[in-house]
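Participant: For what it's worth, the working numbering labels the leading residue of the sequence shown as -8, then goes sequentially.
Don't take every hint at face value.
[Said to hold, decoys possible] When the alpha-carbon atoms are kept at most 35 Å apart in a straight line, the in silico DSBU-like pairs for lysine-lysine are as follows: (1) K61 x K35; (2) K61 x K228; (3) K135 x K310; (4) K228 x K310; (5) K310 x K35; (6) K310 x K269; (7) K269 x K227; (8) K43 x K61.
[To be verified] So the derived label-pair ranges between C-beta atoms look like this: (9) I30 x R215: 48 to 54 Å; (10) Q106 x I188: 25 to 31 Å; (11) D216 x Q256: 24 to 30 Å; (12) A120 x G146: 24 to 30 Å.
By construction, these hints were calculated from the structure, which means they are not laboratory data.
Quick reminder that beta carbons are idealized off the backbone N, C-alpha and C, glycines included.
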Amino acid sequence: MKKARILVPLILTLVILGGVLGGCRFREESPVPESRQEIPPLPKALEGEAGKEPVLQVYLSEEGTLQEMKFEDYIAGVVAAEMDPTWPTQALAAQAVIARSFTLQKIDEQGGVPQRNAHASTDIEEFQAYDAGRINDRVRQAVKMTRGEVAVYQGEFIRGWFHAYAGPRSALADEGLEFEGGNPPYIKIVESPATDIIPAEERDWSASFSLEEVREAVAELAGRDPGPIREVKISKKGPSGRATRLKFNDVEVSAPSLRIELDSQVFRSTFIEKLEVKEGTLFLEGTGYGHGVGMCQWGARALAEEGRSYDDIVRYFYKDISLVRMWS
């Protein structure tokens, strides 16, 4: 009996010690939580002071002049132009973060818009859309609550690609944009949260082009004439299901490039569901609007309406990134 009394405390001690030591080992072997990523320096082209809001030289395309703007004032005009300013504040805030990230990445990589001697341009073909006249209190709040905040991956500004509607799912950079620098690791294919809320007229599209117009576009892209077009087919699809290559007779061209060459506002997406030649016309039907890479704006709205915060929205579309504040 005495031996039993001695053994019980000894066993309890070993059990406790084992649990503590085991717990230590368990914590050491568990995955390391996401570390705080280093805040990138301001792009050299900005010549700004770390921690302070930069000033931009913005090319106003309609006037053909340069205007000096505070960075946050510029972002407010971009958010108002690129997203419906009546949408939920958290969706607008996500757009603000991405607009900042896009701007800084472009300035860091190529100086902004060097052909205009500017950091940014209001020409959507050159940079981002901008419309100060659409700024409302909701946009101001979204910009203010995210002031200076950008998305980074391993200490570098992300490529802040976005589009109107992804269709059923988003695209990788090489299939949606023909991006040649390798698909960034933070760009993944994700399901669109917007399929249940987007109106049918925004979700789906149909387009038609004369075969002569298509023939000219194909010849321009391929460098050779396909001849009178009698046959067309999708010759290759990307991982998301989008067409990446289209074949006209025996001539193959890039689907994203042809979309832009014909009219990207009519030929809305390379998520093509129907493709046929009939009576001298190319008919297409599909879903989605835009290249499909990065943040789906309708998806951002859907997540905001579910009660998700802007940082959750950004992280839904860009994986393994961190949000950092460049200035306060």
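Participant: Sort out which numbered hints this structure fails and list those numbers smallest first.
Facilitator: Hints 2, 6, 10 contradicted; others consistent.
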